[in-house]
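J.: The chain contents come next:
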Amino acid sequence: MNDVYDSEQNMMAAEYVLGTLRGEDRTHFKRELMNSCSLRELTSFWEQQLNAMGESIAPISPRKSVLKRIEKRLGFMKSANNGYSFFLFNPVLAYCFATFTLALFLYFNGNNMQLQPYQTAVFNYENQAVFIVNIDKKSMSLVATKALPKLDNKDYELWVIVEGTPKSLGVISQTGLGNILIPEWLQKTELSTMAISIEDKGGSINGEPAEVKFVTNTIEI
Amino acid sequence: MENDKLELLIFKVSHENKNAFKELYELTSPKLYAICYQLVQRRNLAEEILQDAFIQIWHNAGTYQSNGGTVLSWMISIVRYRALDKIRYDKVRKEEPLSKLSEEQETKSTIKDYEKDDNIERCIDSLDFNQRQAIHLAYFNGYTHSEVMYHMSSSLGTVKSWIRRGLKNLERCLTL
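As given, the protein sequences belong to chains A and B, one line each in that order.
Numbering follows this note's numbering, with no gaps: position 217 of the first sequence is 217.
Numbering follows this note's numbering, with no gaps: position 7 of the second sequence is 7.
Hints in this document: simulated from the structure, not taken from any laboratory.
Quick caveat, the model's predicted, so the values are computed rather than measured.
Built from N, CA and C at the ideal position, the CB exists for glycine as well.
Watch out, some of these pointers could steer you wrong.
Okay, derived cross-link-like pairs now, DSBU-like style, lysine-lysine, Cα gap no bigger than 35 Å in a straight line [what the hints assert, rightly or not]:
hint : chain 1 : residue 1 : chain 2 : residue 2
1    : B       : 5         : B       : 168
2    : A       : 150       : A       : 138
3    : A       : 201       : B       : 18
4    : A       : 167       : A       : 150
5    : B       : 18        : A       : 72
6    : A       : 30        : B       : 22
7    : B       : 168       : A       : 72
8    : A       : 201       : A       : 64
9    : A       : 201       : A       : 150
10   : B       : 5         : A       : 167
Here are the in silico distance ranges between beta carbons for each label pair [claimed, not checked]:
hint : chain 1 : residue 1 : chain 2 : residue 2 : range
11   : A       : 7         : B       : 128       : 19 to 25 Å
12   : A       : 149       : B       : 11        : 50 to 56 Å
13   : B       : 158       : A       : 149       : 44 to 50 Å
With the hints as constraints, model all of the structure from the sequences given.
T.: This is the structure in structure tokens:
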């Protein structure tokens, strides 16, 4: 009786690995697998044997974008020139980062900033613009769109990441913000990244973003 | 592909070494993608499954045990089970049923590199044609018994028998 049972278990393990064990039988087998050491050993045996067939398959290289997408999902992607490490472990960013685009090009001429008026947008993960950004001379303004989620008893706050450290540019009202003067210390920055966080009313209490909601690509200032 | 090298990489990946992860990806993704693509026959879906699999590999690298087989075999299991689940739950299927001709071509193409593993080759070769063909269609194409039946123009009972007998013969041969 035991031999018959063992043989049946063995064949179920083989068919599970092969892929022909389907439906409720497969679901039941998966459950059993959690509880039975001997079943796991049988399954492991068949994986080793049958996957040797898989190892012999002629390789096909996936598109290069696949690795980039994996790295983005794992939060590996960051600017080559600054290490905004606090972003890397923020789960919200994992998907926001993938779809968010903002490039601001500000041009300098000696000590006098010569900005070319520029308009761009901040997008959410559904590719909807949540802020329209206008850059003009030494200031920038953000105007919220209807796609921006309205927050109760919370504020949005704008941040710029300089040498890995987030620095606040101020709280943004939920209808957008008037002009923000670009501070001098920021004007000296070659490369940076901007982010918008959700904060308690009045903005961050400790000088660090609480929950980063949107983040830009690297911007040139 | 040297298992020693992959074992070292998977060890490093289990300690969150991103460079090792990238190297592991570069070394193994062509094989894994080929397996995936063969199963689902759609590039975007195969890429999506590959992404999911590598994310799982990153998170579960510490669970790999060398006495449970090679690293590549462990990774193949992750990819295949994901693909099979996708086929099953999303009802993903090839849009066009394969003709007898393309079935033969597919089987040929999947086994053309087969001589690299002498043991499995010897044992697979020891199976009769129908058993071998049925196991190939299930393993590489993710076919159900019914789909194998359709492609081999046989009855369901016969196909189930071919697969079971084929697996038993394979086990007997591999453990000799």
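J.: Taking the numbered hints from earlier one at a time, note which ones the structure violates and give those numbers from smallest to largest.
T.: 3, 7, 8, 10, 12 and 13
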